[in-house]
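The whole structure should be built from the sequences, with the hints applied where relevant.
Line by line, the protein sequences give chains A and B. Each residue of the first sequence is one higher than the one before, counting from 190 in my numbering. Each residue of the second sequence is one higher than the one before, counting from 8 in my numbering.
Don't read these hints as lab results, they were simulated from the structure. Quick caveat, the model's predicted, so the values are computed rather than measured. Hints are not guaranteed to be accurate.
[Stated by the list, open to error] Listed below are several chain B residues computed to face chain A (Cβ distance under 10 angstroms; list not exhaustive): (1) E58; (2) T86; (3) A112.
Every residue gets a Cβ at the ideal spot worked out from N, C-alpha and C, and that includes glycine.
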Amino acid sequence: MKEIFFDQIAIGEQLPSLMKPPITRTTLAYFCGASNDHNPVHVDSDFARAAGADDVFVHGMLDMAYMGQLLTAWVPQTSIISFGVKFGAIVYVGDTITCHGEVIDKAENDGVYILKLKLRAVDQNGESKLTGEAQVRVSGP
Amino acid sequence: MYWPDDTDTLHAEKYYGNAMLDKTLIGKSFPPLVVDVDRWQLKFFAKAVGEENPIYFDEVAAIAEGYRSILAPPTYGVTLGCAVPDPFSRAKAVGLDATKILHIAQSFEYFEPICGGDQITLVATITDVFEKRRGAFKFMVEETVATNQLGQLTTRFRQTVLERA
Numbered sequence: 190m191k192e193i194f195f196d197q198i199a200i201g202e203q204l205p206s207l208m209k210p211p212i213t214r215t216t217l218a219y220f221c222g223a224s225n226d227h228n229p230v231h232v233d234s235d236f237a238r239a240a241g242a243d244d245v246f247v248h249g250m251l252d253m254a255y256m257g258q259l260l261t262a263w264v265p266q267t268s269i270i271s272f273g274v275k276f277g278a279i280v281y282v283g284d285t286i287t288c289h290g291e292v293i294d295k296a297e298n299d300g301v302y303i304l305k306l307k308l309r310a311v312d313q314n315g316e317s318k319l320t321g322e323a324q325v326r327v328s329g330p
Numbered sequence: 008m009y010w011p012d013d014t015d016t017l018h019a020e021k022y023y024g025n026a027m028l029d030k031t032l033i034g035k036s037f038p039p040l041v042v043d044v045d046r047w048q049l050k051f052f053a054k055a056v057g058e059e060n061p062i063y064f065d066e067v068a069a070i071a072e073g074y075r076s077i078l079a080p081p082t083y084g085v086t087l088g089c090a091v092p093d094p095f096s097r098a099k100a101v102g103l104d105a106t107k108i109l110h111i112a113q114s115f116e117y118f119e120p121i122c123g124g125d126q127i128t129l130v131a132t133i134t135d136v137f138e139k140r141r142g143a144f145k146f147m148v149e150e151t152v153a154t155n156q157l158g159q160l161t162t163r164f165r166q167t168v169l170e171r172a
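Below, the structure is given as structure tokens:
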């Protein structure tokens, strides 16, 4: 992992985007076990349709896990101060998620160098699915 | 999903029922949940999300990077909080229909890392329960504090769920 220095990062800088493979039913079955969230709307198509959905849909926490990977590919996980998202639209099985991040603010506080990031995940049609923010510590100055 | 505009409130009860929310639970903390962090599940999580960094699935790599064991990913606190027979018990207690719950927001603050073999104590508190559009949309917000076996705060996280129409 390349060390990030505060003075080398400008506001507006984009993080390297992360494009994940299409989300399959197998992915969702695995993520039930990984997340302890076994809600049948994520794996049982019959149940999902009876509940009014078009098909099984993706755990919000899987989308957030992907966004977490965008962050931890850029800075060590222990540099993350905060990380929050809003799940704006349902992601369905078969969708392909790409995560984007942008530096929107910089601050130095008692020798701690902090970047504020704006986060966004979109599907294969460019439709926004998740938006959020994170604050990370970087090396300085 | 059907999102009514403001002119729909006359019909709200017809469409959405009139279940009352128990707002007396706001501020209530629930009994601590103590969970052992399972290295096997961390490896399985890494496989499920296609993680390639070995600190998330290889004990030797994680220790070489200075961690006690395999590192739990940033969102893993929610997995620990779901390690109960019914993750929706609090939502049901306030009167939400568990079959219609959507997770609409999630945030974390981070302190000490969580690693395989840790024992994490989670205390959840309902911080808000409210309705919009005359009860057509029902919301619950809860905050969870996760402490490790050394008494260190690891993460504090906040979750908002919505009962969809």
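Consistency of the hints with the structure:
For E58/B, the suggested interface contact is upheld, since its CB lies about 7 angstroms from the closest CB of chain A, less than 10 angstroms. Taking 10 angstroms as the C-beta cut-off, the interface hint given for T86/B holds, the closest approach to chain A being about 5 angstroms. Interface hint at A112/B: satisfied, since its Cβ lies 5 angstroms from the closest Cβ of chain A, which is below the 10 angstroms cut-off.
When each numbered hint is compared with the structure, no violation occurs for any of them.
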